[in-house]
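Colleague: Take the sequences, apply the hints, and build the full model.
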Amino acid sequence: MAHRTAIGGAGVFLWAGCRWLPALLRIMLIAAGAMGMFGPSVSAAEAAVRYTVSIGPDPGSPVDIEVYIPAVPAPLELYFPATGANARVESLTARTIDGTDLAVRRLDSGYVHVETRGAADVLVAYRLNLSPSVWSPSTWPGGDVSSVRSEDAVWLVGRDVLVELAGDEERAKEIRLHLPAGWRAVMGGRGTVDSDQAVTLAAGEEAVFLLGQLNITRYPLPAGQLTLIVSNDPPWEPAQLAWSVQAMLESLDNKGVVGPPSDLTLAVLRYPGALRLNPLIVSQTAGDHTIVHWVGTGTLTWWRKHAARDMVGWFVDRTLRLAPDARWFKAGLADYGGLALLFDTGFLTVDDMFQSLRALHSNGLHYAGPAWPSLVASALETPPSHAAQRVLSFQSPLVALLLDVELREASRGSFTIFDLWARLAAEQRQGTAATLHTAAVLAPSAEAGLGPGFAQAFIYGNRLPPADFERLFERWFDQQAYP
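Per the working numbering, residue 72 is the first one in the sequence shown, and the count goes up by one each step.
Please note: incorrect hints may appear among the correct ones.
[What the hints assert, rightly or not] Pair by pair, the computed Cβ-Cβ distance ranges are: (1) 276 - 541: 45 to 55 Å; (2) 501 - 176: 52 to 62 Å; (3) 455 - 277: 14 to 24 Å; (4) 296 - 129: 15 to 25 Å; (5) 325 - 287: 40 to 50 Å; (6) 295 - 154: 50 to 60 Å; (7) 277 - 441: 53 to 63 Å; (8) 541 - 284: 19 to 29 Å; (9) 243 - 441: 23 to 33 Å; (10) 295 - 551: 23 to 33 Å; (11) 541 - 266: 21 to 31 Å; (12) 314 - 179: 51 to 61 Å; (13) 287 - 359: 50 to 60 Å.
Hints in this document: simulated from the structure, not taken from any laboratory.
It should be emphasised that the depicted structure is a prediction, and the values quoted were computed from it without experimental measurement.
Ideal Cβ placement from N, Cα and C applies to all residues, glycine included.
Modeller: Written out as structure tokens, the structure reads:
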């Protein structure tokens with residue numbers, strides 16, 4: 072403000088002391104003075120918040136972030152959008168551009184209030200401990216707090232790393248990365264980025280970065296390109312991972328499930344520290360075509376099961392527009408369809424498939440029957456209850472298995488759940504349906520000879536599925552010989 076007043080004062084002084092100036096020049100000076108005193112300054116909407124993220128080479132070191140906030144809103148209150156992110160903040164300070172410290176105060180709401188003292192611009196600096204705790208699953212990859220640091224990579228998610236300005240969330244953001252020598256940066260939805268250049272985010276866009284000593288290779292896909300990212304000491308050869316993904320997507324293509332041209336980025340990273348003993352695999356997504364897998368002690372076959380589920384789920388999103396009541400179809404197709412895909416490609420033996428489907432059947436039975444909501448009712452719950460989440464996660468795959476068996480029997484092997492998917496995808500490519508409700512999803516099955524009783528019992532209703540798994544598997548296995 073002092074700067075603008077000085078310019079305005081000079082303009083008025085020159086005009087008042089030089090009456091001999093031509094009228095036009097006096098008008099120009101008046102306008103210049105007015106612009107200095109009252110004209111448009113950099114508005115909050117135009118002034119991007121600038122983040123500088125600094126990461127050291129030591130895996131145990133914190134992540135340092137400095138935020139330059141121009142055109143400070145009043146009051147200045149900061150927060151992390153992710154629940155629980157505050158627990159990982161080791162320190163947070165604020166100062167003016169000339170270095171004057173500003174008081175910060177944590178509010179009951181979890182926000183941080185900064186006493187700006189009328190400063191136009193403010194610098195906020197904070198440190199984050201992103202090393203996961205073995206005893207706190209919330210700090211593991213995929214937990215409520217998503218960002219994590221391992222020995223040679225850092226996974227940064229904007230919601231728990233970048234503070235937001237309360238009431239001014241739509242302001243544009245710029246991010247600069249200061250990384251150790253030899254590190255590379257990949258941004259979800261954009262691919263490899265130059266760490267020497269600022270990354271600009273549009274209003275409402277979330278930043279998701281994978282940073283580290285990364286090995287990046289590219290392979291062809293039926294309708295795009297696979298970018299495979301592994302960190303140092305990968306558990307399996309990158310070529311094995313790429314071949315697995317290629318085979319899965321080529322199998323879908325051979326089944327007639329054709330999606331739009333699309334690239335896919337897959338990162339396979341080792342769990343940090345002692346978490347490497349964890350056999351579970353956690354999946355995370357960034358944008359609409361980046362998938363990250365955190366792996367520990369599992370086998371390649373174990374990883375392929377997770378990868379197949381994620382590939383099918385990703386491809387459903389790219390080929391079908393499902394209405395809320397039909398969300399069960401994606402949930403079921405991802406788990407069951409992923410296993411069926413692995414069996415078709417030869418990645419699972421008959422015994423592997425028997426064991427996998429038995430686990431799917433057992434889990435599904437546990438969350439099925441009159442005591443649980445139906446698939447459609449669970450899909451429509453907003454927000455979903457615990458019961459609805461269990462039904463969608465575990466009963467949906469079992470119903471997808473039953474649907475596939477019934478479709479094959481009704482059509483004498485000429486129509487499967489993959490044929491159903493391919494038909495729906497083709498109809499949506501032709502623009503015949505904006506979104507698919509459950510009735511539209513099931514409509515082609517009537518042409519295959521499947522009556523409405525199945526849907527009434529297991530999709531709209533909550534009848535308990537058949538409990539005899541061995542008989543169910545015999546039916547399924549015998550159908551694999553159908554032409």
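Colleague: Taking the hints in turn, state whether each one holds.
Modeller: Going down the list of hints, with the structure as the test:
1. 276 - 541: 45 to 55 Å: Distance hint for residue 276, residue 541 holds at roughly 51 Å.
2. 501 - 176: 52 to 62 Å: Taking Cβ atoms as reference, residue 501 and residue 176 lie about 59 Å apart, which means the hint holds.
3. 455 - 277: 14 to 24 Å: holds (22 Å)
4. 296 - 129: 15 to 25 Å: violated (35 Å)
5. 325 - 287: 40 to 50 Å: Check failed, 28 Å falls outside 40 to 50 Å.
6. 295 - 154: 50 to 60 Å: Violated, at about 35 Å.
7. 277 - 441: 53 to 63 Å: At 41 Å between Cβs, range violated.
8. 541 - 284: 19 to 29 Å: violated (49 Å)
9. 243 - 441: 23 to 33 Å: Since residue 243 and residue 441 have Cβ atoms about 53 Å apart, the given range 23 to 33 Å is violated.
10. 295 - 551: 23 to 33 Å: holds (30 Å)
11. 541 - 266: 21 to 31 Å: violated (56 Å)
12. 314 - 179: 51 to 61 Å: holds (54 Å)
13. 287 - 359: 50 to 60 Å: violated (20 Å)
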